[in-house]
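J.: Now for the letters of each chain:
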Amino acid sequence: DTGVSQDPRHKITKRGQNVTFRCDPISEHNRLYWYRQTLGQGPEFLTYFQNEAQLEKSRLLSDRFSAERPKGSFSTLEIQRTEQGDSAMYLCASSRSRGGVAEAFFGQGTRLTVV
Amino acid sequence: AQTVTQSQPEMSVQEAETVTLSCTYDTSESDYYLFWYKQPPSRQMILVIRQEAYKQQNATENRFSVNFQKAAKSFSLKISDSQLGDAAMYFCALIRGAGGTSYGKLTFGQGTILTVHP
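So the protein lines, in turn, are chains L and E. Going by the numbering used here, the residue at position 73 of the first sequence is 73; the numbering climbs one at a time, nothing skipped. Going by the numbering used here, the residue at position 115 of the second sequence is 115; the numbering climbs one at a time, nothing skipped.
Source of the hints: derived by calculation from the structure; they are not laboratory data. Among these hints, one or two may not hold up.
Heads up, incomplete: computed chain L residues facing chain E, CB under 7 Å, no partners named [as the list claims (entries may be wrong)]:
1) P43
2) F45
3) A53
4) S62
5) P70
6) F74
7) E78
8) S97
9) G99
10) A102
11) E103
12) F106
13) R111
Just so it is clear, the structure is predicted and the values come from calculations on it, not from any experiment. Each residue gets a CB set at the ideal place from its N, CA and C atoms; glycine is no exception.
One chain only, chain L, in its complex shape (with noise of 0.2 Å):
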């Protein structure tokens, strides 16, 4: 396993457009995070699955945003009528729950432009 992976590395759409990322996670991690990065801040988390269950979701989240892990593998996150401040570096990371060390480890983004 060659660790997070993310699909597409970078995005350009137009205002109005759907867009999706896909997030392949370490293997035997059963956790897996969506986080939001603007240029100098820190991580702004989104939501989170344990296995193919979604445990939280961030109240910042607009309805345009949706999230899913079908049989907790891999993930995927829409956005819907994307706007221009949905630009950002969506960072997913995965990690263990149980015996392990609760380090996340993370994949290396997608950064969307929206024009």
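On the provided structure of chain L, position chain E as indicated by the hints.
T.: Same frame as chain L, but now just chain E:
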């Protein structure tokens, strides 16, 4: 709710010198993990060092060490013999849990940009 605060937006250090990055946090839990992550420019975030709250001994990883003050809710990172490759944004983070089990979300601070001068 848990919060993590890094009050130093930027720090700089001369190569081979020592620098300390500050982090304070707030949580109502007694069991938690604390982490320092490094994010080099345009590269992915990687773990530098971790500390379990129930362990009194400060964690050390080669040139990186922490000063964990549980009562003061302080978790600083000391980088000794700084190298050019240490230049990055550093994030402090917290998650509830202990003994290999964790709960809830991983919460990050705002980050500190570290510049290393040759």
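J.: Double-check F45 of chain L for me: the hint is only fine if its C-beta lies closer than 7 Å to a C-beta in chain E.
T.: This hint holds: F45 of chain L lies near chain E, its Cβ roughly 5 Å from the closest one there, short of 7 Å.
J.: Identify whether the interface hint at E103 of chain L stands, where standing means a beta carbon of chain E within less than 7 Å of its own.
T.: holds (5 Å)
J.: Would the stated hint for P70 of chain L survive a check requiring a Cβ distance to chain E of less than 7 Å?
T.: Given a least distance of 21 Å, the restraint on P70 of chain L is violated.
J.: For the hint on G99 of chain L, just tell me whether its beta-carbon gets within less than 7 Å of chain E.
T.: This interface hint holds because 5 Å falls under the 7 Å limit.
J.: A closest beta-carbon separation below 7 Å is what the hint needs, so does P43 of chain L meet it against chain E?
T.: holds (5 Å)
J.: Once the shortest beta carbon distance from S97 of chain L to chain E is found, is it less than 7 Å?
T.: holds (6 Å)
J.: Given R111 of chain L as an interface hint, is its Cβ closer than 7 Å to any Cβ of chain E?
T.: Check failed: Cβ of R111 of chain L comes no nearer than 9 Å to chain E, outside 7 Å.
J.: A closest beta-carbon separation below 7 Å is what the hint needs, so does S62 of chain L meet it against chain E?
T.: Violated. Min distance 18 Å.
J.: With chain E as the partner, please determine if E78 of chain L meets the hint condition of a C-beta pair closer than 7 Å.
T.: violated (20 Å)
J.: Take the shortest C-beta to C-beta distance between A102 of chain L and chain E; is it under 7 Å?
T.: holds (4 Å)
J.: Hint check: is the beta carbon of F106 of chain L less than 7 Å from a beta carbon of chain E?
T.: holds (4 Å)
J.: A53 of chain L was flagged as interface toward chain E. Is the shortest Cβ-Cβ separation under 7 Å?
T.: violated (13 Å)
When each numbered hint is compared with the structure, violations occur for hints 3, 4, 5, 6, 7 and 13.
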